[in-house]
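**Student:** Sequence:
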Amino acid sequence: MCSGPGKPLDVPRILVAVDRTEGSRRAAEFVDRFFAGMDVGITAVNVARGPVDAVPSVPFGGVFPWGPAGPYLAAGDRAAWEEAVVREQQAGEAVALAQAPAGAEIEVVFGEVVEAILSAADDENADLIVVGSNDRGFLQRLLGGSVSEELARKAPRPVLIVR
Numbered sequence: 004m005c006s007g008p009g010k011p012l013d014v015p016r017i018l019v020a021v022d023r024t025e026g027s028r029r030a031a032e033f034v035d036r037f038f039a040g041m042d043v044g045i046t047a048v049n050v051a052r053g054p055v056d057a058v059p060s061v062p063f064g065g066v067f068p069w070g071p072a073g074p075y076l077a078a079g080d081r082a083a084w085e086e087a088v089v090r091e092q093q094a095g096e097a098v099a100l101a102q103a104p105a106g107a108e109i110e111v112v113f114g115e116v117v118e119a120i121l122s123a124a125d126d127e128n129a130d131l132i133v134v135g136s137n138d139r140g141f142l143q144r145l146l147g148g149s150v151s152e153e154l155a156r157k158a159p160r161p162v163l164i165v166r
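Counted the way our numbering counts, the sequence shown spans residues 4 to 166.
Don't read these hints as lab results, they were simulated from the structure. Hints are supplied without guarantee of correctness; some may be wrong.
Unchecked claim - Pair by pair, the computed Cβ-Cβ distance ranges are: (1) 86 / 130: 10 to 20 angstroms; (2) 157 / 14: 22 to 32 angstroms; (3) 130 / 152: 15 to 25 angstroms.
Computed from a predicted structure; not experimentally measured. The beta carbon of each residue, even a glycine, is placed where N, CA and C say it ideally should be.
Please take these sequences and the hints and turn them into a complete structure.
**Tutor:** Printed below as a string of structure tokens:
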């Protein structure tokens, strides 16, 4: 069950991070089974890529002259930038809808994954963050890090990692 705008604020809030991975699917299924029939509010959050994420990195630590708004605004094309944001928002919603537990509210956020999930948990006043583990190898974790491990270290609230 999902709490809507009319539900009391004292209903426990669960935030489950969803994406296209198998770990995400397992986390959403766990939330669906474990909290079935309970009076909890569930929010499925997907961290979408912003248009800036598509910009290639600058070699040798250089800095792009156009700043955080990316090349769209540097070229004076705010409409193209806004369209790119809308496309990413829609793609994030599609992912969240495909993975979300039954009855969950859907939220799409932008930003660095761990920080965006933590921010969404704060916004939702979540009592628990649920994420999936994708069982990446040592080298993959060393090079790319692990979202679930970083969340477990940084979150000021409980984090449940589903394997």
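**Student:** All hints are to be evaluated individually against the structure, with a verdict given for each.
**Tutor:** Now the hints, each set against the structure:
The hint said 10 to 20 angstroms for the Cβ distance between residue 86 and residue 130, and at roughly 37 angstroms that hint is violated. Roughly 25 angstroms separates the CB atoms of residue 157 and residue 14, a value that falls within the hinted 22 to 32 angstroms. At about 21 angstroms, the CB distance of residue 130 to residue 152 agrees with the hint of 15 to 25 angstroms.
Against the hints set out earlier in the document, a violation occurs for number 1 only.
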